[in-house]
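From the two separate chains plus the hints, produce the assembled complex.
Going down the list, the protein sequences come from chains A and B. Counting from 0, one number per residue, gives the positions in the first sequence under numbering that gives the first Met the number 0. Counting from 0, one number per residue, gives the positions in the second sequence under numbering that gives the first Met the number 0.
Hints were generated in silico from the structure; no laboratory data involved. Where hints are given, some of them may not hold.
What the hints assert, rightly or not - Here are the simulated EDC-like cross-link-like pairs (lysine to aspartate or glutamate), alpha carbons at most 20 Å apart as the crow flies:
id, chain 1, residue 1, chain 2, residue 2
1, A, Lys63, A, Glu32
2, A, Lys255, B, Asp49
3, A, Lys255, B, Glu37
4, A, Lys57, A, Glu110
5, A, Lys255, B, Glu15
6, A, Lys255, B, Glu34
7, A, Lys391, A, Glu356
8, A, Lys255, B, Asp50
9, A, Lys69, A, Glu32
As the list claims (entries may be wrong) - FRET-style restraints, in silico, Cβ to Cβ:
id, chain 1, residue 1, chain 2, residue 2, range
10, A, Lys391, B, His72, 37 to 43 Å
11, A, Phe172, B, Ala4, 34 to 40 Å
12, B, Asp23, A, Gln310, 24 to 30 Å
13, A, Gly416, B, Ala29, 18 to 24 Å
14, A, Arg338, B, Ser47, 26 to 32 Å
15, B, Ile48, A, His285, 28 to 34 Å
16, A, Ala322, B, Gln27, 36 to 42 Å
A virtual CB, placed ideally from N, CA and C, is assigned to each residue, including glycine.
The residues making up each chain are set out below.
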Amino acid sequence: MDADCMSRYSAFGLLRGALGGQRHWQPAWRDPEPKTSYDIIIIGGGGHGLATAFYLAKVHGLRKIAVLEKSWIGGGNTGRNTTLVRSNYRQKLLHDFFEFGLKMWEHLSDELNYNVMFSPRGALMLGHSDADMTRLAERGDAMRVSGIDADLLTRDQVAKLEPLLDMSRTARFPIMGGLTQRRGGTARHDAVAWGYARAADSLGVDIIQQCEVTGYIRDGGAVVGVQTTRGRIAAGRVGICVAGNSGHVAGLAGLKLPIESQTLQALVTEGVKPMVNGVIMSQSLHCYISQSDKGGIVMGGDPDNWPSYAQRGQPMVTGHAIAQAIALVPALSRLRMVRTWAGVTDMSFDGSPIIGETPVPGLYLNGGWCYGGFKATPASGWTYAHTLATGKPHELNAPFALDRYRSGATIDENGVGPMPNHR
Amino acid sequence: MLLIACPHCGPRAQIEFTYERTVDSVVQPAAPADEAMERLFTRANPRSIDDEIWRHSFGCRAWLVMTRHRATHEIVAIRAAGPEALP
Chain A
0 MDADCMSRYS
10 AFGLLRGALG
20 GQRHWQPAWR
30 DPEPKTSYDI
40 IIIGGGGHGL
50 ATAFYLAKVH
60 GLRKIAVLEK
70 SWIGGGNTGR
80 NTTLVRSNYR
90 QKLLHDFFEF
100 GLKMWEHLSD
110 ELNYNVMFSP
120 RGALMLGHSD
130 ADMTRLAERG
140 DAMRVSGIDA
150 DLLTRDQVAK
160 LEPLLDMSRT
170 ARFPIMGGLT
180 QRRGGTARHD
190 AVAWGYARAA
200 DSLGVDIIQQ
210 CEVTGYIRDG
220 GAVVGVQTTR
230 GRIAAGRVGI
240 CVAGNSGHVA
250 GLAGLKLPIE
260 SQTLQALVTE
270 GVKPMVNGVI
280 MSQSLHCYIS
290 QSDKGGIVMG
300 GDPDNWPSYA
310 QRGQPMVTGH
320 AIAQAIALVP
330 ALSRLRMVRT
340 WAGVTDMSFD
350 GSPIIGETPV
360 PGLYLNGGWC
370 YGGFKATPAS
380 GWTYAHTLAT
390 GKPHELNAPF
400 ALDRYRSGAT
410 IDENGVGPMP
420 NHR
Chain B
0 MLLIACPHCG
10 PRAQIEFTYE
20 RTVDSVVQPA
30 APADEAMERL
40 FTRANPRSID
50 DEIWRHSFGC
60 RAWLVMTRHR
70 ATHEIVAIRA
80 AGPEALP
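Chain B on its own, in the form it takes in the complex (with noise of 0.2 Å):
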């Protein structure tokens, strides 16, 4: 399980976040089509660092976004969610 240090609670226990989608993911309402499609139906899904967004949803409840290694699990950096992030 991983330790996620919540921007806003400090560091708690996975069990207590879920993970919504990637950063890249998000789609502006102001998006061409093109663009909408490709960000609501692919991604880059690395064997590597991406960005994601994930939610303290049984704790703050917050929005933050956590840039992590896919493959070793290691957490590069946690911030929290500004608008520009949120879906």
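So here's chain A without its partners, still in its complex pose (with noise of 0.2 Å):
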């Protein structure tokens, strides 16, 4: 077999390697030694820095790139989120960027050569009140001028959908309907890191781990370049791509964001047969359910809402997602749960992404994803390559630069003011 067959992966290829017991295997990215200079150096290895890297390469022809990465590449919270990919925001300006990623993710696995697992099983909001049913047409409404789908359900709708909510007048949290969008769904996060680091290493991306950047390189005001733990390397543009270390990475240049960083935590259940069919939410509660494709059920919900760069969440905030969960669909109550965590989450001001130039020439951000990047992570790569490879931001990110905060053009779509907690 040749070596263009080897690094194609294809059904015909796994027939190919099972005649010869599967030990035509190799790794899916290099493990090269940092070169000295990049046209482009992007802090942090997670879903949305190698996605950069990768349409940096592919669509702007870009081919000295490096992605340099603290740890392990997607182990940080691409690898800590519950995996929710939708576009059903209210408001025009994010919707109509997370809506140009839906559609991103719906050829994703093509476009990659891997299989995202991207399935779109439909992502329900759940009413309580007469007061969300109103919010969640209203919601509806300005999706579907978008041009995006949206449903607006009925009690019993939701009912059918999703057989074992608790639909009984007298439920802790009493369901009046939904909101569903039947593109959203899930997709598995590992592979959405592997696979585009493996996109982006085949079109000549450096992707080095077991880097962390401890300073830039500066001359004049401008940073040319960044100083590691394997050494100084210069760059034309250096992106800040870091999630919950934003603060910290931003802060080695002197600078103050508005951003702050907490715990936002996730859990799984032991494997069942499917019992959730779709993504159950609630914005009321802030509650999300979903089923993963090996039966766990997955649970989110409150940040724990105080500042911390630890890994690791408080157990009495997990013990409210579950009682959320539990008054929701009450069979969830005889799992057993197998496993926890927690990412640091990038907490903006105004609860909407930061994409853009910074105050320190040559240093660009991409951050603020609160506890809702995973899904943005196709369309936060692509117009973040765009302003990278341009210096000019794509339209889309256009109006979430950093200097919206001064400006007072924020985009809040809960309406909390500037405050990263209390979202």
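Written out as structure tokens, the structure reads:
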């Protein structure tokens, strides 16, 4: 089998490999030593950073690109989320951005030649009161005006979609209806990081793991490279893409961001037969329930709501999430929890992300994803690549500039004001 | 869960407390616009020690200032909040 056949995954290749006892597998990406200089350095080897590198190479034709990762790729929030993919936001700037991403998810496995297991099983938001239903109707209308699918559901329609929901009138959280986005769903989180890494590597991107940035090389005021635990590396442009560590890595350049790092937890139960059909969300409660392809019920809830860089959460918050999930789907109470995890989320001051330039020439920022970054991975990479390649924002990320907090043009979906907690 | 020594009530479980904001984000009424903007909308957010305002919400309800390491969760110092720290 020639090298091309080996490197491109296919059903035929799998069959051929089976005849040889599956001994044909090669590492999916190289483990290169850092070069002395690159055109663009991306700090952070999560899904967003790897996607950015891939689109820089594929769309913008750049070849001298490095992704620097302090640990292993996909080991931060890419591996610590609830894998939900949707674009059901109320505000146009947000739903246009996430819809652009959702359309990318729909053909991402083909684009990467890697199965990211995107499963559009539907994302259902529950309404628990008249006010909730008004809010959901308004959100659905706003989405449909922008050409995004949204269906307002009656109580009976919700009961039919998810038969195990507690639909009784005496339920702790009575269900009056819902809003579903049928094209929403879940994806395999690790595969997203690995698929982007493999595709970027095949286009010449150097993915350098165990390489932590400890400072910047400055020329006058501008950033012209990075200091790392593996030496100095020069760069034309440097892009921060480190989620919960945004404050720390920007702080190395003397920047104070509109971001505070907090912990967000999730958990999974033992695997069981199918019992939750799609994604069940209640944003009035802040509860997210879905079933993984392995059968485990994945649940998430509120952030811990206090600053932390530790990738571990507080049991009292886990308990709160579980109590909400059990109130919605009582049958969950019979399952055993097998694992909990926590990620460090970059809570921004209007709840929306930041993609664009910083006040430091040569230094760019992609962060502030709060607890909603996974679904944005393709769109984030696409727009950040555009910004890093051209020095100008893509039309989709132009409103998400860092200076919007100073100008007053914040994008506050929840109308909370300048608070990173209580979102 | 943290064990937080309230200056008024003694050691209590974290579940009785709520985090409010960092000390450096408190805006004085007479602050110039640029300073108010920076204090309202940015944080040092260090991966190390910072001064934070917490409240013993489900206890004595008093405000307190906690100096705390954000990666190890070590509490370095706790003191009652004076008027200068109140938001």
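* Satisfaction of hint between A/Glu32 and A/Lys69, Cα-Cα up to 20 Å -> 14 Å, holds
* **Distance restraint between A/Lys391 and A/Glu356, which requires alpha-carbon spacing of 20 Å or less** => This hinted pair holds, its Cα atoms lying about 8 Å apart.
* Has the given pair, A/Lys255 with B/Asp49, been kept, meaning a C-alpha gap of at most 20 Å? -> 14 Å, holds
* To do: Could you say whether the range 24 to 30 Å given as a hint is met by the Cβ separation of B/Asp23 and A/Gln310?
  => 25 Å, holds
* To do: Mind checking the alpha carbons of A/Lys255 and B/Glu15 for me, to see if they're no more than 20 Å apart?
  => 30 Å, violated
* Range agreement (Cβ of B/Ala4 with Cβ of A/Phe172, hint 34 to 40 Å) -> Given about 37 Å between the Cβ atoms, the range holds.
* Can you let me know if the beta-carbon spacing of A/Ala322 and B/Gln27 is within 36 to 42 Å? => 41 Å, holds
* **20 Å Cα cutoff - pair A/Lys63, A/Glu32** => Judged against 20 Å, a Cα distance of about 13 Å means the pair holds.
* Are the Cα atoms of A/Lys57 and A/Glu110 separated by 20 Å or less? -> Between A/Lys57 and A/Glu110 the Cα gap is close to 11 Å, so the pair holds against 20 Å.
* May I ask you to test the hint 18 to 24 Å on the CB atoms belonging to A/Gly416 and B/Ala29? => The hint (18 to 24 Å, Cβ to Cβ) holds, given that A/Gly416 and B/Ala29 are roughly 21 Å apart.
* Asked: Given a hinted range of 28 to 34 Å, is it respected by the beta-carbon distance of B/Ile48 and A/His285?
  -> 30 Å, holds
* Straight-line alpha-carbon gap A/Lys255 to B/Asp50, limit 20 Å -> Distance of about 16 Å is within 20 Å: holds.
This entry does not satisfy hint 5, going by the numbered hints stated previously; all others are met.
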